[in-house]
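J.: With the hints as extra help, turn the sequences into a complete structure.
2 protein chains.
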Amino acid sequence: MLPRNPHFTLLEPTYLFQKIQERADLYPKEELLNLSIGDVSLPISKECSATLAEEAQRLSHTITGYGPSRGSHRLAEALQQTYYPMLDPNEIYISDGAKCDIGRLQILLGNNLRLGIQDPTYPVYADTARILGNERITLLPCTKESDYFPNLDELPEIDVLFLCSPNNPTGAVATRAQLERLVQLARSRRFLIIFDSAYSDFIQDPGLPKSIYEIEGADEVAIETSSFSKSFGFTGLRLGWCVVPKKLKDREGRPLYLDWERVIATFFNGPSCLVQCGGLAALSKKGLEARDQTINEYLSRAQQLKNALSPLEVTGGENSPYLWVSVPQKNSWEAFEALLENAQILSIPGSGFGASGGGYIRLSAFSKSCTTAAQRVQAIGVSSCLDLPQLSVPQPI
Amino acid sequence: MLPRNPHFTLLEPTYLFQKIQERADLYPKEELLNLSIGDVSLPISKECSATLAEEAQRLSHTITGYGPSRGSHRLAEALQQTYYPMLDPNEIYISDGAKCDIGRLQILLGNNLRLGIQDPTYPVYADTARILGNERITLLPCTKESDYFPNLDELPEIDVLFLCSPNNPTGAVATRAQLERLVQLARSRRFLIIFDSAYSDFIQDPGLPKSIYEIEGADEVAIETSSFSKSFGFTGLRLGWCVVPKKLKDREGRPLYLDWERVIATFFNGPSCLVQCGGLAALSKKGLEARDQTINEYLSRAQQLKNALSPLEVTGGENSPYLWVSVPQKNSWEAFEALLENAQILSIPGSGFGASGGGYIRLSAFSKSCTTAAQRVQAIGVSSCLDLPQLSVPQPI
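Taken in sequence, the protein lines are chains H and P.
Under numbering that gives the first Met the number 0, the first residue of the first sequence is numbered 0, with each subsequent residue one higher.
Under numbering that gives the first Met the number 0, the first residue of the second sequence is numbered 0, with each subsequent residue one higher.
Worth flagging that the hints you see were computed from the coordinates, not collected in a lab.
None of the values given here were measured: they were computed from a predicted structure.
Beta carbons: idealized from backbone N, C-alpha and C, even for Gly.
There may be inaccurate statements among the hints.
Simulated pairs of lysine to aspartate or glutamate, EDC-like, Cα-Cα distance not exceeding 16 Å [said to hold, decoys possible]: (1) Lys-45(H) - Glu-260(P); (2) Lys-367(H) - Glu-296(H); (3) Lys-45(P) - Glu-53(H); (4) Lys-45(P) - Asp-291(P); (5) Lys-245(P) - Glu-260(P); (6) Lys-367(P) - Glu-29(P).
Some chain P residues close to chain H (C-beta under 8 Å, calculated; not the full set) [unchecked claim]: (7) Pro-5; (8) Pro-42; (9) Gly-66; (10) Ile-106; (11) Thr-234; (12) Gly-235; (13) Leu-247; (14) Asp-249; (15) Val-262.
T.: Laid out in structure tokens, this is it:
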């Protein structure tokens, strides 16, 4: 048969989640508190559910047919009114989720640009690039020392920067000053920013930007991806969006959206018409109220966890669903093992998100077990939870 | 900003549908009979609609969360029972549609294999390859002379063959003998077949294979893509599937499904959980009865059209929703213009699907206007419909 596509050899084997799962499987399900997952635990709103049901009924006597690859204009308008007063609805493309859009954006970019990717990071930015054959990836350490942001004083030559804020996994939120300087740099050095704002609804501090387009001039240098998944409980339904501003142009002055529309028309047929109706309901007055309640609930869980972990240094959890916990061990797999052994709490070792994640674990406030986990940590004591002198130490990955 | 991704220069501009639309816009909507569209005109079944509504109601108090990237196992089992008695359900991957799967398959293959693509053809096979930077495309004429199948006696060296049966646009269905010889050739010459069976439910002749896996040995050389779109009215809902058999291996003996699972886990998050419930209902006893009624209705429309066009040579329309009409003009744009001017029937000029489509037009039996179109052709007379001596001839594209 065929030779194997050589691009796949650029990927690291997927040991991380497999290994976490294998460790989890050693504990009885009812005892284990799974704080590793980034998946939601609160359902979609009654508003969304009712609208979806109504539309489903209508489908037996209405032909919807293929919708536009860019999704429904009404939904783009609702997104513009809710999130993007500074944009035109025609700059918003509805999709089946941010992950899928990131893959399609890599297709748009081709496989020969120099990509800057945060370290630690959500693995999809680099893995989509590698599968398409792009090896020109520079990891940009985002550690406590650099305020969990790429060090712009030492930014290497890149063509594209992937930035996630609020960040997965660190929970850090880029400040206005950080983003202003970044946009200025992107304009002068002519690189593209791909801004992943999938967690922006968690931002409560009015001083923190929720969208890159709150920064002047960003519409000439940035694409933004985002999602209904977390704030509206849509993870399984699949709905997201991508902003490609009209002012964004390639070196020859050709607007990028022209090739983007070619990508989505060729590799995609638009998100489900039914799910898009749910998206409209999500952005209604009642839908947005439900979203705010959902976000408050997750943030309250995060706060309980943060309080329980208080002797430790924790980033995130205030404007973000993730807690990035600095652990006394240098090896984050040791901390992972200790927390699992002592408190049956499943976390993710920070090094799983990249080398700069060593010394941290990620806890997710999406988990329904947050309150119990916080109580358990308080009962046992933080240092006892993380103490694991006599266990054999598994190899870090 | 960025240099443009050079792959896009490999694409031809998208004039075809734009030009057809521009011509259509010159006629009042109520007079125009649009037989150009491949989109459905019959709704989803009551069964599907009710199940979707029920599931939508349930979603306000049930957490579905991320499903597996490969889709629901129950739905894979239902597909296996309905369509693939010879396969294992684990070989079936549920998706958001055949077009999206074709794009992801190109990602799996990489951009350096030699692709054989039928001419005329559905444009997505070549366009997805070109956008990913693959220029190694050989067009394989599928004309009346070669029984609308690639000439296997003169098959060039290729790594992958894309084959669509029942074919879009020619309506031709590959025979068992044709497919047997093809599979044999793929095995001996070690190329991969990507078999698009999106229209297989239209096959009524029990002698014609509906799936490539009806051919012995195909599971070692073929991937199959298919869809709920046409038979179940799911075009807007987005649901399809892809079969990657366990026996399919690369040159080093590594099963292809391993890299395929990496592609879907990285570029995709699975189809919508809600829509998948609709898919289950579609494959229930009542759902399949509704499918058969739908197919019969489309085939009856095709028959009416075929009868009206009877003096002309027409392929398809019997085991396929498309009619491929041989026109007296050599230039298919002339025939397109004549039919539009004389009978206000919108077709697609065959040359729009590739050079070998010259001298043909495609008519779609999906259109709700088929009966009226057939009556109009009969009233005017076929030759008068296609006669256009005094009009200026537009340039072919």
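J.: Work down the list of hints and note, for each, if the structure agrees.
T.: Results of checking the hints against the structure:
For the given pair, Lys-45(H) sits about 34 Å from Glu-260(P) by alpha-carbon distance, which is inconsistent with the 16 Å threshold. Taken as a hint, the Lys-367(H) and Glu-296(H) pair is honoured in the structure, with Cα atoms around 10 Å apart against an allowance of 16 Å. With a CA separation close to 13 Å, the supplied pair Lys-45(P) and Glu-53(H) stays within the 16 Å bound. A threshold of 16 Å between alpha carbons decides the hint, and for Lys-45(P) with Asp-291(P) the separation of about 14 Å falls inside it, so the pair holds.
Under the criterion of a C-alpha separation no larger than 16 Å, the hint pairing Lys-245(P) with Glu-260(P) is consistent with the structure, at around 12 Å. A distance of roughly 13 Å separates the Cα atoms of Lys-367(P) and Glu-29(P); the hinted pair therefore holds under the 16 Å criterion. The restraint placing Pro-5(P) at the interface with chain H holds, with a minimum CB-CB distance near 7 Å, inside the 8 Å limit. Contact between Pro-42(P) and chain H, as hinted, is supported at the beta carbon level, the nearest pair being about 6 Å apart and thus within 8 Å.
Interface hint at Gly-66(P): satisfied, since its Cβ lies 5 Å from the closest Cβ of chain H, which is below the 8 Å cut-off. Hint status for Ile-106(P): holds, given a least beta-carbon distance of 6 Å to chain H, under 8 Å. The interface hint given for Thr-234(P) is met, as the beta carbon of that residue sits about 5 Å from the closest beta carbon of chain H, less than 8 Å. The restraint placing Gly-235(P) at the interface with chain H holds, with a minimum CB-CB distance near 4 Å, inside the 8 Å limit.
The criterion of a C-beta within 8 Å of any C-beta in chain H is met by Leu-247(P), whose closest approach is roughly 7 Å, and the hint holds. Taking 8 Å as the C-beta contact cut-off toward chain H, the hint placing Asp-249(P) at the interface holds, the least distance being around 4 Å. With a least beta-carbon distance of about 6 Å to chain H, the hint placing Val-262(P) at the interface is held under the 8 Å criterion.
In the structure shown, a violation is registered for the earlier hint numbered 1 alone.
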